[in-house]
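Note that the protein sequences, when read in sequence, are chains A and B. First residue of the first sequence: 1, per my numbering; consecutive thereafter. First residue of the second sequence: 104, per my numbering; consecutive thereafter.
If you're looking for bench data, these hints aren't it; they were derived computationally from the structure. Using N, Cα and C, we set each Cβ at its ideal position, and we do this for glycine too. Where hints are given, some of them may not hold.
[To be verified] Pairwise CB distance ranges, derived in the manner of DEER restraints:
1) A/77 / B/205: 19 to 27 Å
2) A/39 / B/224: 42 to 50 Å
3) B/105 / A/43: 33 to 41 Å
[Said to hold, decoys possible] Below 30 Å or equal to it, Euclidean Cα-Cα: the simulated DSS-like pairs (lysine-lysine) are:
4) B/120 / A/96
5) A/16 / B/129
6) B/225 / A/96
7) B/225 / A/6
[As the list claims (entries may be wrong)] Covered stretches of chain A (chain B as the covering partner; in silico rule of three or more C-beta atoms under 8 Å from a C-beta of chain B):
8) 34-44
9) 58-71
10) 76-90
Residues per chain are reported as follows:
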Amino acid sequence: MGKEEKIIVHVDADLKSIIPRFFELRCADLDLINRNIEKGDYETIRRIGHSMKGAGGGYGFDYISEIGVAIELAAKEHNTEDIRRWVDELSVYLKKIEVLYDE
Amino acid sequence: MSILVVDDSEDVRLLIKTFLNSAGYKDILLADSALEALALLDIPCEGLKSAPSKKKNLDVDIILLDVVMPEMDGIEFCRIVKASEQHKDIPIVMTTAIDESKLLEVAFDSGAIDYLSKPLNKIELLARVRSILKLKKETDQRKARELELVELNRALFSANERLKELSSLDGLTGISNRRGFDERLEEEWNRGRRSVTPLSLILLDIDFFKFYNDTYGHLAGDECLISVANSFKKTLHRPADSLARYGGEEFAVILPETNEEGALKIAEDLRKAAESMGLQHETSKVADHVTVSLGTATMIPSEGSAPSDLIDAADKALYRAKEEGRNRVKAALQQEENT
Numbered sequence: 001m002g003k004e005e006k007i008i009v010h011v012d013a014d015l016k017s018i019i020p021r022f023f024e025l026r027c028a029d030l031d032l033i034n035r036n037i038e039k040g041d042y043e044t045i046r047r048i049g050h051s052m053k054g055a056g057g058g059y060g061f062d063y064i065s066e067i068g069v070a071i072e073l074a075a076k077e078h079n080t081e082d083i084r085r086w087v088d089e090l091s092v093y094l095k096k097i098e099v100l101y102d103e
Numbered sequence: 104m105s106i107l108v109v110d111d112s113e114d115v116r117l118l119i120k121t122f123l124n125s126a127g128y129k130d131i132l133l134a135d136s137a138l139e140a141l142a143l144l145d146i147p148c149e150g151l152k153s154a155p156s157k158k159k160n161l162d163v164d165i166i167l168l169d170v171v172m173p174e175m176d177g178i179e180f181c182r183i184v185k186a187s188e189q190h191k192d193i194p195i196v197m198t199t200a201i202d203e204s205k206l207l208e209v210a211f212d213s214g215a216i217d218y219l220s221k222p223l224n225k226i227e228l229l230a231r232v233r234s235i236l237k238l239k240k241e242t243d244q245r246k247a248r249e250l251e252l253v254e255l256n257r258a259l260f261s262a263n264e265r266l267k268e269l270s271s272l273d274g275l276t277g278i279s280n281r282r283g284f285d286e287r288l289e290e291e292w293n294r295g296r297r298s299v300t301p302l303s304l305i306l307l308d309i310d311f312f313k314f315y316n317d318t319y320g321h322l323a324g325d326e327c328l329i330s331v332a333n334s335f336k337k338t339l340h341r342p343a344d345s346l347a348r349y350g351g352e353e354f355a356v357i358l359p360e361t362n363e364e365g366a367l368k369i370a371e372d373l374r375k376a377a378e379s380m381g382l383q384h385e386t387s388k389v390a391d392h393v394t395v396s397l398g399t400a401t402m403i404p405s406e407g408s409a410p411s412d413l414i415d416a417a418d419k420a421l422y423r424a425k426e427e428g429r430n431r432v433k434a435a436l437q438q439e440e441n442t
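Bound conformation, chain B alone (with noise of 0.2 Å):
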């Protein structure tokens, strides 16, 4: 802790000095002007060619200011600290003669928390500095406690963040689940009727996966699930197109602004890519590795339509993919997307 001491007058600054002494306070600073107030600081003013002192930018608790100085006077000397970030909040104590009263209101104006007298009375001295330094020691302990709530607030906000992402994740995958669906359907179909654009999404099932289950073990049929939803990802490249795990073997894809062209071209991409992993199914009835069916439905979102009906269309696709023999891709006819 150290307080800052500025008179041109040689007396006053011994005074103080000795005072504060006599009261306990060992680290003081002098300056016989504002200037090398300035330097002490390390605040950067016009005029203020080197600074006189090597001990830069001290941590100064208070300061004990001349209101009337040749070259900078005090109040010009507080309106520059009040007016530096770093130093704006250290309180300034002018320290004033009798008749010089008139100059107070200007101190004050510009930035002073209190004032002394002069001559000065060492009692007054005492007390003042006494107050100012516990109202600076409770000013900083409060700044410091809003700086924690600060980080504490930050810190809850990224991990609510981290939360609502890892909530609309899926554990095994990695890719959305099914609550991530939901959501991200919601806003697209919301998006698709304000844009008056098709909305297409894809339903897909690994074929015979109950079968690969009981053949290959549970912990080969999540090995299975990992493959294919990364071999989906790396078949997805518009990054608006959405892919989650929509069920046990059930996977999902939102294609915004795709038309019913261009999500079969997309859905036969995903068939052809999970039949090229050629991950080995000896029990599967259509292929001896695993394949997947698909099926498509395309919409333009609109008030008499719900986000559902377009689930049940592609739903309706996918059933009738399954129905044809698997490991192809079916588009909604026009009436299921109609109901």
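Extracted from the complex, chain A is given alone in its bound form (with noise of 0.2 Å):
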């Protein structure tokens, strides 16, 4: 993915005034992994990547689902190297989105 590279995604415009939420729900998944990492709570980051897995496609955000299931296999496996690099995807991924509401 290329940095200037938008993202489109299409949701639901019900969604409209819960998804700023949802964002800030991800940047602070991103925070608590970082801070898990560090703790070696494996445990905490798989409930994270689980949580990810079954919000995001509700949403429309499929990717985030996939990147939930990844991170929760990581942290089963306490690979940091993997979650690391989910996180960085994440963080990535959440910058490159735009949303379009679909009426």
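Dock chain to chain to rebuild the complex, using the hints, since each chain is given by itself in its own frame.
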């Protein structure tokens, strides 16, 4: 993914009011995962990945669900390298998203 | 109508609430844990110290429940709700990630009616909620109808009981009528036969009652019958003794487990009770007040005899009481009881 490239995601217009909160929570997830990598708390990281997996697609962000799956798996394996890689991926992805609301 | 969403993920709670709101469901309750949901439903549970909500014991029509949650999971929550008499009929839909499908069997075993897989799909969620709410509404209506039917049945049963009671009561005096008497005599006859105990019967007549009616009128005659019945009721103390209006001015008393001596004593008490009313009867040929003549009969009910034999014997004794001057008691003779 190039840095300038925008990723258009179509989202149900009914969700307009809760999308900002969704992004806030993803940023909080990024912080929380990073802190727990330091602490080696893989269970917390696994849970965050699990929640991301369950939530992302419902909002229209299928790729966030996929990242959630990957983080959950990496946490189960205590694979810090993969966790970091997916955290970075999420961070970049969040910056590139441009939401288009489908009426 | 309200929908309770239980999920530890804020994302999912918000998403479901927004989807439901968009379809017009406005009363959505959110709980971030099974314990909070139990408190909302006012279901007592160990480890539940204080209720986080003031709005308690809500009328919830459907619960959308996450299976995997910390502290208490959806399965345990579901079991607790299904064990609550008040809440067991609330339909519970489990929400679960695809890879948790192995939990589904346990979820259904615990009482869930359906499930939705995560990530949630708006159309699927709304279709599922709509059909379950429709089912819930139909179930509630059916339950209400059933309850109504149970009530109606109860009312019908007690009306029937009352009717049965009324049909065996004499409208004027309030004591048993002939029908009630026949039923009771049959019962006591059978009881006496089983227990091989004597059964006595008193038949009695108000003396010169036709003259009483002719002298004082039929309304006064009715009053006289009521007074006599009341004085007899007061005289008969044993619960098993049964007083009935046998015919116009004729009364009958069934005396279970009573021998001839006992029957004669009670009959004499009744005679005195009628006399002591001091009800004026100027056209009576035996006294200037109302008197009665009584015949008693006593038998040990057996295979070879019938209740009608007891009635016949008492009737013959009554006839003799009248023949011998009225205002007296006569017991049936041995041969009267044997015929």
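*Hints violated by the structure (numbers, ascending)*: 2, 8, 10
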